[in-house]
Structure formats: structure tokens, C-alpha cells
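Asks: Throw the hints in and build the complete structure from the sequences for me.
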Amino acid sequence: MANDVYIQVNDHILAALEQGIIPWKRPWTGQLPTNYDSGKQYRGVNILTLGIAEMVRGYSSQYWLTFKQAQKHGGHIKRGEKSTYIVFSDKKVREVEKRDGTTELKIYHFIKSFPVFNWDQTEGVPRKEANAALDPDRDLIDVCDTILSKMPNPPAYRESGSSAYYMPKDDLVNLPPMDTFRTTNVYIATKFHEYGHSTGHKSRLNRSGVMGAASFGGEEYSFEELVAELTSAYLCAGNGIDNTLENSSAYIQNWLSVLKDDKTMFLKASGKAAAAVEYICGKGAGATPAS
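485 is the number of the first residue of the sequence shown in my numbering; add one for each residue after it.
Hints were generated in silico from the structure; no laboratory data involved.
One or more hints might be untrue.
[What the hints assert, rightly or not] Taking lysine-lysine and the DSS-like style, the derived pairs with C-alpha atoms no more than 27 Å apart in a straight line are:
1) K767 / K509
2) K556 / K612
3) K575 / K590
4) K524 / K509
5) K634 / K686
6) K744 / K509
7) K524 / K686
8) K747 / K576
9) K524 / K576
10) K524 / K590
11) K752 / K653
12) K566 / K590
13) K552 / K524
14) K562 / K575
15) K566 / K767
[What the hints assert, rightly or not] The calculated label-pair distances, taken between Cβ atoms and stated as ranges, are:
16) N690 / E613: 38 to 46 Å
17) T630 / D574: 28 to 36 Å
18) A616 / L498: 22 to 30 Å
19) Q515 / T586: 25 to 33 Å
20) P620 / K582: 56 to 64 Å
21) S733 / T586: 57 to 65 Å
22) F551 / P660: 33 to 41 Å
23) T664 / G559: 37 to 45 Å
24) K686 / V627: 27 to 35 Å
The model shown is predicted, which means the values in this text are computed figures rather than measured ones.
Glycine included, C-beta positions come from ideal geometry on N, C-alpha and C.
Replies: Here you go:
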């Protein structure tokens, strides 16, 4: 069952890429997919899968709900409408017997998927106004700095040279000077990407793609790159920072190739990215792959 969920999510992402849509490179507005009932914004990979559905199917609402939630609010799902699946992770604690006859508590993690519908697919459900749009005149550098200031035990940071990278040995994020970037948004998205890598340091979340000897272009390298890309995407999405990529053909072909080879990679990387975002935002390391 779990493997089916991984494949389901991966196929959804691949279908978008094949249409020229990069789910994690979007003109984010801050009005993320939101549960109609709770008012909570979806997180992690669900931002991407629901966002794809909104784009491809032309939904006007940011609100999503289950079949039962539609009934609860006096309405129903229109006949013939297709659902979009979201995923969430959970855990169970069980007492297991050891070989010596004693018992211990063991934690089992698992993922599930279930269908939701956009408000546009309903009838009789009261309309909700969209969340207030973020101020387009905000100082985005201040927004970026405020986010990164919450990170505990941050890496060293400098701006020099012409390359952006994270150096685990020195625990250092390096970016070219800000005025060399095409736009402020590109600068911020790149900065978030490199800080995403830095969460993999042994003093933080200790990911093997950062601390191990991952070879360029190899599976572990690609996985860590996807973690950093999604970390940047989730931070941009949550703060209404446009990280759209121009001239994206080669980029799309690369990720199509990678994700076709490993159908579990995307959801696993999304979970690591969600944990990285939680760490950067000062909320600890216990984030789940999706919710």
C-alpha cells in the first residue's frame, strides 16, 4: 500500500513535468491550498499536487474538502468530478516481545492517501473568501532574512565569487554577490536552496547526501539536490515568493529522467525537505512528509 502511494505521487509529478509544468517552480502568491473545514494550509508535497490540479483544471478556489466535509456543510460533490489525492504520514506505537522475553515499545511509521475535491467541484457548499493576498511591495530581502534568522545553529555565510554552493567541511553557505543575480527572487530562492543543503550537516539533520561521499550525478546526489530544491520551494511557497524558472527545458528533462528511474524518490525527498523547512524555521526536526 505504501509503495502505491509513492508511485501515485511520483506519477502525478511526472505528468506535470511532461506538460512543461515544474510543480516546485511557481509564481507563488502565498494563497496556498487550504482545507475548507479546518482553515489550515496543506504542507509538503500536498502543496504541489493540489497546486498542479488547480493549474491544470483551472480551479479558482484555494479551498479543498473531502466528500463528507462537503455533506457536513450542506452540499455535495458534483456528479462526475474527479478527486485529487493528498497524502499524510502517521505512526503507531506497539509493544513487541524481544528474544529475551522482555518487551519494548516500537514505533511504526506509515503513509496514507485519501481523496479531496476543490470547492469548485461542489454544489451547495458556501463559498469562502480567499486569504488576504500578501503585500506585493514587501521587502523580500527582509522576509528572507527574518526566516533564516530563526534557524538554530546556522551555517557560516558569505557572498563571493560566481558560484552558489554549500561546503559541509567548513559548514559554509556561499553565494555570489546579490547584485549579480538576475532578480531578487532568484537570489532568495538560491539562498534557500543552499540553506536547505546545510540542514543536512551532521550537527543538524545529518543527511548522507551531504555528509557522505555522494558522487556528482549519482542517485544520492540527485536525491539531495531534490531535497534542497523542495526546501527552497516550500519556503518560497509559504511566503509568496515567485521562484519561476525560465528556459527550463533541460531542467525538466533532467528531473523526468531521475524520477522515472526511482518512483519513490519524490515523496521521500519531500519528507526530508519538510523536515529541513521545520529546522530552518526553528520548529525542530520532526516534520512529516505530508499533512
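Asks: All hints are to be evaluated individually against the structure, with a verdict given for each.
Replies: Status of the hints after comparison with the structure:
1. K767 / K509: Given that 27 Å is the threshold and the Cα spacing comes to 24 Å, the pair holds.
2. K556 / K612: Roughly 15 Å separates the two Cα atoms, so the pair holds.
3. K575 / K590: 10 Å, holds
4. K524 / K509: Holds - the C-alpha atoms of K509 and K524 are around 22 Å apart, at most 27 Å.
5. K634 / K686: 19 Å, holds
6. K744 / K509: 19 Å, holds
7. K524 / K686: Between K524 and K686 the Cα gap is close to 33 Å, so the pair fails against 27 Å, i.e. violated.
8. K747 / K576: Holds. K747 to K576 sits at ~25 Å (cutoff 27 Å).
9. K524 / K576: 24 Å, holds
10. K524 / K590: Status violated; Cα separation ~31 Å.
11. K752 / K653: 25 Å, holds
12. K566 / K590: The given pair, whose Cα atoms are some 38 Å apart, is violated under the 27 Å limit.
13. K552 / K524: The given pair, whose Cα atoms are some 17 Å apart, holds under the 27 Å limit.
14. K562 / K575: 34 Å, violated
15. K566 / K767: Roughly 36 Å between the alpha carbons, so the hint for K566 and K767 is violated.
16. N690 / E613: 38 to 46 Å: 43 Å, holds
17. T630 / D574: 28 to 36 Å: 32 Å, holds
18. A616 / L498: 22 to 30 Å: Roughly 34 Å apart at Cβ, these two residues miss the hinted range, so it is violated.
19. Q515 / T586: 25 to 33 Å: The hinted range 25 to 33 Å is violated for Q515 and T586, with Cβ atoms some 53 Å apart.
20. P620 / K582: 56 to 64 Å: 60 Å, holds
21. S733 / T586: 57 to 65 Å: Because 59 Å falls inside the window, the suggested range holds.
22. F551 / P660: 33 to 41 Å: Given about 50 Å between the Cβ atoms, the range is violated.
23. T664 / G559: 37 to 45 Å: Once the Cβ atoms are compared, 53 Å apart, the range 37 to 45 Å for G559 and T664 is violated.
24. K686 / V627: 27 to 35 Å: 29 Å, holds
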